[in-house]
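A.B. asks: Each chain, written out:
Protein chains: 2
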Amino acid sequence: MITVAVDCMGGDHGPQVTVPAALEFQARLPDVEVVLVGLRDAIEAQFSGTRPRVRVHAASEVVTMDEPPPQALRFKKDSSMRVAVNLVKSGEAHACVSAGNTGALMAISRFVLKTLPGIDRPAIATVLPNMRRTNTYVLDLGANVDCTAEHLLQFGIMGAMLVAAVEHKERPTVGLLNIGAEDIKGNETVKQAAELLRGSGLNFVGNVEGDDIYKGTVDVVVCDGFVGNVALKASEGVAHMMATTLREEFSRNPLTRMAALLAMPVLRAFRTRLDPRRYNGASLLGLKGIVIKSHGSADVYAFGQALETAVQEVRNNVPQRIAERMGQLHPQPVQ
Amino acid sequence: MITVAVDCMGGDHGPQVTVPAALEFQARLPDVEVVLVGLRDAIEAQFSGTRPRVRVHAASEVVTMDEPPPQALRFKKDSSMRVAVNLVKSGEAHACVSAGNTGALMAISRFVLKTLPGIDRPAIATVLPNMRRTNTYVLDLGANVDCTAEHLLQFGIMGAMLVAAVEHKERPTVGLLNIGAEDIKGNETVKQAAELLRGSGLNFVGNVEGDDIYKGTVDVVVCDGFVGNVALKASEGVAHMMATTLREEFSRNPLTRMAALLAMPVLRAFRTRLDPRRYNGASLLGLKGIVIKSHGSADVYAFGQALETAVQEVRNNVPQRIAERMGQLHPQPVQ
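Residue numbers (the numbering used here), protein chains in the order written: chain A, 584 to 918; chain B, 584 to 918.
These aren't lab readings, by the way, just hints derived from the structure by calculation.
There may be inaccurate statements among the hints.
Identical copies look the same in the list; a pair holds intra-copy or inter-copy alike.
Stated by the list, open to error - Restricting the straight-line Cα-Cα distance to at most 16 Å, the calculated cross-link-like pairs of lysine to aspartate or glutamate (EDC-like) are: (1) LYS768 <-> ASP729; (2) LYS871 <-> GLU907; (3) LYS768 <-> GLU650; (4) LYS871 <-> GLU675; (5) LYS768 <-> ASP649; (6) LYS871 <-> ASP703; (7) LYS768 <-> GLU778; (8) LYS660 <-> GLU644; (9) LYS660 <-> GLU650; (10) LYS672 <-> ASP661; (11) LYS774 <-> GLU733.
Owing to the predicted nature of the structure, the values given are computational and were not obtained by experimental measurement.
Chain A on its own, in the form it takes in the complex (with noise of 0.2 Å):
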């Protein structure tokens, strides 16, 4: 039985959608058991019928979407988000899937949980779809601002492992983004962080440039906060940008209006393929435990999608995998 704890009031919608979402995915996996926490009553308020067989934890705060990380942390200690990570830490679950505030969810996780030997910072990874048909992970997000290049070596680690033990490959391909693929290229920590990697014995393919990580030249993708922060989110404008110009232009008169009601299994089919929703649940890597972010606009299906990349990490042993590699590279000295 694999538990996974639920902040329920976190994200754009709270209990609306993270409560639906929770009892529809421990319907469908028998293996599954949640445990929804947050506000009693919200959470109870979402229940149609007869009262569904869950198990609800309750806690008496919230953490605001826009809340400084650093006030969560120490004032609000019974809140959904600070208990959801608690049931980790305990063993009471295995993992914790949460929507709200990025930022606090990263400082309660690691005041909490802790990170594992060797890792100096944990590091936000999401997937990304590419052209290849295949996943390209990126990290990090957003979670370090400024990195030195031992943490992109621990990102590229971390990345590799994440692949690794998710996707079944055994020598992940790892590419770190640059302006250029030329050694020279870069930043002094870039270039200190390539020797670094293809040193660590990872199966490091050298530079990758912004392009790459949709046309999945490699499985990983290593950057600091910073870039991936900036990248994912021009990457997000640039597909709203397109996809409402193809809208517009599509609903421009009664013709091409019925053109698109032609087109429409092809326009359909385009938008299943690269729908972001998919790939919502970034993973928290390299902390004692498993905590995903979902969105925090997600809708039911989304969210829904999190807490599958939850249950995956779990079944694949991701925080052990990472340490065992860590482990590998910095032997622990015998006594």
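Starting from the known structure of chain A, arrange chain B on it as the hints suggest.
C.D. replies: Chain B in isolation, oriented as in the chain A frame:
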């Protein structure tokens, strides 16, 4: 009369693209004269029928696309690129355009033309489309991988002056690319840059995020060259993936191909609105002269757009506008 020096040897296609584009451009604009710079034989091989009335300025060497910039600068003094920039320096041309090696073009331009007073480093600026159907100017796109706050301030000033000049906007809005709208976000350099921009007298609106580029939130987006380059290439990657996916879905079977036929005018309008070739022509800003970089893969239409960008900057005195604004920021002591 406006004279534009064209480095005919640069780019993936060389004279095959640059020569027809330049001839077409000159034929279209009665007050513009082009000077074709490069290997005389290679250029003249592109003249079909009667020899066109055009100036050819011979240059005996070619900077290759993957040549290290210091080498191009030191050893290729008679390259088409160097000679084209020299023509701007000597006043024989008002601007030059090259589709060649970006690093070499920047190194040569900086060495030959020098930077404007108060500008430490030139930056590469380009125009991107947005959902408001206006233009978003982004800089730097790769010339500077390690920037100080002062450099970012200078980019803001250069970008604002470019927009003021070519878009005839009196007070263009300027945003600083960051990973959140709040002041507390980002690394130290970005936080300091925000302070400097706030005190600069520019119409600075604060932090913007990656998706704001395509939302059209501000006229000018300021970032360091590493971040800007990754954001631009990630955007290109997504756009390419989406266009390819759409094409794949429309050519899946006879039925979808029929739908494509009916949707053709719509798909064509969609493609035209977001055609990246329309936005070809990045400005090397901050120099004592106008230098425009075309995409290496530009076709005749795209290269023509880069020539158009050059002429716009000449007509609107972009370097002078930047120099004047820098003079206001750091008034020279009166002797």
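A.B. asks: Work down the list of hints and note, for each, if the structure agrees.
C.D. replies: Hint check results:
{"no.": "1", "hint": "LYS768 <-> ASP729", "in the structure": "between (19 Å within a copy, 12 Å between copies)"}
{"no.": "2", "hint": "LYS871 <-> GLU907", "in the structure": "within (12 Å within a copy, 57 Å between copies)"}
{"no.": "3", "hint": "LYS768 <-> GLU650", "in the structure": "between (38 Å within a copy, 13 Å between copies)"}
{"no.": "4", "hint": "LYS871 <-> GLU675", "in the structure": "within (14 Å within a copy, 67 Å between copies)"}
{"no.": "5", "hint": "LYS768 <-> ASP649", "in the structure": "between (37 Å within a copy, 12 Å between copies)"}
{"no.": "6", "hint": "LYS871 <-> ASP703", "in the structure": "within (12 Å within a copy, 46 Å between copies)"}
{"no.": "7", "hint": "LYS768 <-> GLU778", "in the structure": "within (13 Å within a copy, 30 Å between copies)"}
{"no.": "8", "hint": "LYS660 <-> GLU644", "in the structure": "within (8 Å within a copy, 70 Å between copies)"}
{"no.": "9", "hint": "LYS660 <-> GLU650", "in the structure": "within (14 Å within a copy, 59 Å between copies)"}
{"no.": "10", "hint": "LYS672 <-> ASP661", "in the structure": "within (15 Å within a copy, 68 Å between copies)"}
{"no.": "11", "hint": "LYS774 <-> GLU733", "in the structure": "within (11 Å within a copy, 24 Å between copies)"}
Going through the hint list in order, the structure satisfies each hint without exception.
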